[in-house]
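Q: One-letter residues, chain by chain:
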Amino acid sequence: MALSRRQWVRQTMLLPGGLSVSPLLSSFVRNLRAESEGARPARFVFVLKSSGLTPAELVPTELEDKLVQVGEANNPGPNYQQALSLKPQEKLLEHSLREATLHPAMKALEPFRDQLAIVQGLSGKMCRGGHSSWFGAMGCYKAGGEHDSGNILGPTMDGILAAKLPSIFPHVGLATRGRLMGGSSIEDGVVYPGLSAMARNRQLPYQATPLNAYKELFSLAATSAADLEENRLQGTLLDFMVDDIKSLEKRLGGAEKEKLDIYLEGFESLRERRRKLKGVESYIRANAPEVSDKYTSRVETDRIEAHFDIAAATLVTGLSNVIAIRPDGLGTVYSGLGADKGVHGLGHGEGSDPIGFRRKIREHHIEQIARLAAKLKATPEGDGTMLDNTLICYFSDAGEKHHASSTQWPFVLLGGLAGRLRIDGRYVQYPAYQKPGHRSIATLYNTLGYAVGIPQDSFGQLDNNLDTDSQSGPLKELSV
Amino acid sequence: MSFRRLLACLLVLSSLKLASTLADDASVTNFVKHYCMDCHSGSSAESGIALDQLLAPSKDNLELWQEVARQVVSANMPTADAEQPDTNESQRFVEALRAELEELGQPLEIDYQQHQPSYANLLNHDRLFDRELAAEQGPAASPPRLWRLHPEAYEDYLTGFRQLNKGGPLSKPFLLSDGKGVISNYASLYAVDSATLGQLMLNCTQIAQLQTSGFRKLEMDRKVKKEVERVYQQAPESFTAIMESEAVPGQEQIEAAVREEFGIVLRRKPTSEELAKFGALLKDSIGIGGNVNGLRTMAMAVMLRPEAIYRMEVGLGEKDEQGRRLLSPYELAHAIAYALTDEGPDQLRFGPPKERDRSQRPTGPTLLEIAEAGELETREDIRRFVEQLWDAKHVEKPRVLRFFREFFGYHAVETVFKGDRAGKEFNAKILVKDADMLVLHLVEQDREVLKQLLTTEKFFVQWPGSLSEYERRIKYITDRIRPGNTKDRKYKYFIEWVGKGGSPIPQANPTWRKTVQFYNLDEKTWDYPTEQPFQMPENQRVGMLTHPAWLGAWSGNFENDPIRRGKWIREHLLAGSIPDIPITVNAAVPEDHNKTLRERLAVTREEYCWQCHRKMEPLGLPFESYDDFGQFRELEGLGATKALQKPKSTKPTQTDGGVIAAGDSELDGPVKDARELMHRLADAPRVRQSFVRHAFRFWMGRNETLQDSSILIAADDAYEETDGSFRALVISLLTSDSFLYRR
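Same order as they appear, the protein sequences are chains A and B.
The numbering of the first sequence is the working numbering, which starts it at 144 and goes up by one.
The numbering of the second sequence is the working numbering, which starts it at 11 and goes up by one.
Honestly, the hints are just simulated from the structure, not real lab data.
What you are looking at is a predicted structure, and each value in this text was computed from that prediction instead of being measured.
Just so you know, even glycine gets a beta-carbon here, dropped at the ideal spot from N, CA and C.
One or more hints might be untrue.
[Unchecked claim] Partial selection, computed: residues in chain B whose CB lies under 7 Å from chain A:
#, residue
1, 202
2, 311
3, 427
With the hints as constraints, model all of the structure from the sequences given.
A: Shown next as C-alpha cells:
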C-alpha cells in the first residue's frame, strides 16, 4: 500500500536514527511535519502556451449560442482569421460547470469538472500585446519587444510565489525552447523564455532538456556505494568552490562582486539542496519518474509529456511548490501532431488546417494537464488529495490570440488551494473591457496572493485607460 | 503616455505645492530652480513641460520624474546654450530623486537603461564629441569587470578536448541575444546563475572524465568484425603517473598535477597559495574516492573557477596617479585575443613562419608567452601586437564580421518569417553570405569603409571567393554531367552557357540559382560576372541598406517595415533615439487592399504619433522602392503579395522621404529617393561618429559615457585621418585608456 505523505512522515519520524534525531531539520521535513499537524500546503503550476488561448473554444457547449459568434476578419496576414470569437458581455456571467458539457478540446478535464474554473473577460492592456507580453503575462507590466523579452521591471507572480512558498527547488521552469521565434523547433539546455523573474532584472531559467531536468531534480537520491562516494566527492567540491569564490570576491566590488555572488549562490544552493535532501532520499527515489526515451526525444509532444511527468513527480516528492511549464514557442513545429506549419504559421492561418491544428495543440496541453491532475488526485494529502492543494493555471503569454490585443485574457484554473479559492466547477465571464465591473488580470494575481497570505491589492503597472477599481483587490467571484 | 499628455494631466491638478520633500533638499530645489525653470515654467513653458507645477514624486507623476532624470543623466538637459551644472550637482540631484522614487517602489529607469545597448544613444551626441568638454573630463577607464566568455569562445575552449564528443552531447551553457542591430555581448548583461552552473557542471564532469578514466565505448572493429572496447582518454602526463599507481601520490606529484591542470584550463601557473589550496583538495579527494576520482574532483574545481568562465578584467596592473589600474599582461593577452578572435591567447602565435610553409603560420611564441615574458606592458607593445594580429592573414578574426552583422543586423533575415509567401528560392543564408562578402571585401580594402558600405553599387552574388575557385566549381559540375542526357536541368543550364562562351552561376541547385532574382537578375539570361564585386543593374542599388539581406531583415512577415528601417537609420547613422512605444498605443497598420503601405501609414501623421514617427518613416519610406524580399520595384503590389509573383493590382511606388531633426542641420531636408538619402548621409560627420560609437560599444562591451569622449574623438580622428580605415579605428579603440585601464 502506498503511504500518504503524512503517513510516511509519521512513520519515518519514529525510526531510530530517522529524521526526528537530525539536528538540521530541513525545511522540507518541517513542511511535511507542519502538514501532518494540519497546516495547509499550497502549490502552483503555471502552464503558459504561446500564440494565445482562444476564448471562444473554452466555452461550454450550452453557452455557445449565447456567448460565441463567428469571428470578424482580423487581418494581420493573408489567411489570418479567428474562426470564432467571444461576444463582449455587459454584465458578469457565472455558470456552473458541474452539469455542463465542456468544449470538445477540453474533454480531458471532464473528470475534474468540480475542481475547475474557466475565467474569461479579464484584460491585460498594461502589458505589451502582440506575439508575447513576456514578463508582463505574469508580472502585469509592459516588457519586451518583438524578439526580446526586454527590461524586467519586477518579479512575476510565479517568482513571488516561489519566494513565499520555499522548498528545495523554489522555482522549477520547464520548457521546450527559449526563443519565442526562429531557431530550431526544440532547444536544449538552460533557456530563458523571458516569462519568469524572481526580482527586478533577475530572470528565472527554464530547463529545456527533460533528461537534464530529471538529473537536476532527482539524481541526488543515490544508493550504491559508488554513488555515495560520488556524493561525498561532490560535497567536497562544492565546499571548496564556495571558499574559493568567497576569497576571490574580496578583491572585487560593486556590480562585479554581484556577478560573482550570483555564481556563488549557484554553488551554495547546490550545497544547501544536498543538506536539505539528507534523510528523504528514499521517498524521492520511490516517487521519481521513470526515464523513458521521451526524455531525449526530438519530438515536441514527447518532450512536453516528459516535462509534465517531471512536474508531477516534483510536486509529489515535495521538491518544489512552484512550477512553470512553457510547452511551446512560436517557432515550435508540432510534428508529433502532424502539423504542417509552425505555431507562428498556424497563428497566421497558414497550412492545411490552421484552426484545427491550433485546437489539437490546445487539446494536447489539456490532456497533459489532466494527466498531471490525475496523479495529484491519486496522492492522498491531509483529508483530501494533493490536487486540493495545487492550483494549475493554463493560459498564454499572448492573451487571447496570436497577435494579442489583451482586451481579453482567458485562464483555465484547475485544482484548488484547500478552500482558500472558489474553484468549484464554474465558468465566470467578466464584463468586457472598460465596461462597469470589468477586471484586469492583476486582480486574478491579487486573488492568488490573498490565498497564500500575500494580501496585496495592486500588482504591476496600471492600465491608464481603466479605472483603478477594475484593477485592484482580489476577484470576489473566486475568493472564499 | 507622452510627455505632453502627462503634463496636461498634471496641469489640471490645482495644487501648486512644490515638492515638499524635494524642497527640503536644497540641492534638488536649487537644481530645478537654477537649471530648469528658465525654460520650463509658466504657461509658455518649453514643450509644455512646466516644472514649477511639478509635484513631489507620487504614483501619478512618476513618468515625468523618470523623464527629468533621464534628460539630466544623458546630458540632454539643460540644453547646450544654457548654463551647465557641474558633475557633482547633477549627481546630487539624481541621487535625491533616486531615493524619492525608490521609496515609491520605482527604481530610476535610467540606472538600468545606462547599461543597456539599446538605450546607449540617449547620451547626448554633441556633448560626447565636443572637444572642449572632452578635455575637461578626467582620463578614461572602464570599470573592473568580469566578462562572461562569448559562446563561440567557450566552444573553442571545448574543442581543445578533442575527443569530448565521445562522452555524449555537450550543453551550450551560454547564449546571447540575436544582436540584430544591437551589440549583444555586453559585460554587464550576462552572469552565470545557478541554472547555467548546472549546465557547466555537466560539461566539466565530462571533460574531467576525459582527462581521467576516459570514455569507454564498444565499437565495431572493421578488421576483426567484432565489437571491441575502446577507451577515449586525454589525460595530462602528471595525471597518468598518478592514475597508474595504486599508491597515494607524493607532494611533488600532487603539485605537478595542479600545475598542469592550471596550465591547460586557465593558461597560467598557479600562485603558491593556489598550489597549496588545490593540492590539499586533491589529497582530500583522493582520500575519499581514490586516485582517479580525486584527480577528477580537482580538475573540476579548476574548470569551475570563475576565471575559466569569465574573462577577469579587474585591472591587476600598477595603479597610476589618477587611481586607475592598467590591465595586467595576463589580462591584456586575453583582452586582445578575444577582441578580434574566438581563440585564447595561448593559441595565437607571432613571429616568422616556417620556410616554405604555405599557410604562413608563425612559429614564434604565443601571445600569452609574450605577455609572460614581459613584452606586453606599454601602450606601444600593445599597439604592435594588435596591429600584427589584425594583419595576420592566417588568423581568423570572426569578431570583425560579427560587429558588422550586429551593426547592420542583416544576418537576422533568416529569422524573419515569410511563411508560404516565399518559396525555397528565397534562400536567406545565401543572401547573408553575399552581404558578409561585401563587408569583408570593404574591410580588406580599408578605404572609406563606412561610406562604401552605405553607397557602393557593386555587390557580390553567390561568389565562391576567387576566379580559380569559380572555375573549379564549374568544372566539377560539368564533369559530372552525363553526355547526351538532355533532360538534366543542370546539363541544359551549364552546357548552354559554356556553349555560348558565357559564364553560368556556380550553383548546381536550380532553385537556389533563382535566388539571384532578388537582386533583379534573371538567372536564365544573366551572364555571371567572374570578377566580383560587380556593378549592379543601373540605378537600383546603393549600399548595404539596399541589399536584399538588409531589406529582408528589416521587414515584416507580410510587407516592408519603413518604421523599423527608419528607426535603424535614426539610431545607427544619426545617433538618435526613439522613446519606447507608449503602452496605450495599439500599434497596428490598418489593412486596406486598395492602398499602398505608405498610404496606410498615414495613421502615424496624427500629431500625437508624429512627434516620434517623423523621426522614422521619412527615413524608411525611400526604401519602398524595394519589396520586403529586397527586390527593386517601380510598382507596389497591393493586398496580399508573394515573392517573385506578379501582384494582381499595383500602384506606382513613391520613393520620397526626408531627414528631420537629424541633429546636424546640413542633413535635414527632403530626399527624392534612397540614393539621395544614402549619399547625403554617407558624407556626414555625424553619421561617421555614430558608427564610431557603435564600434566603441562592441569592443568595450559597454555603453559609452561622457568620460569616454576623448577616446571616441581619437577613434573618429584616426578613422578620418586614414581616409576611412576601419583598421585604424579599431586599433585606436584597442589601445585606448577605456580598453586598457580599470577604475
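Q: Among all the numbered hints in the text so far, which are the ones the structure does not match?
A: Per hint list: zero violations.
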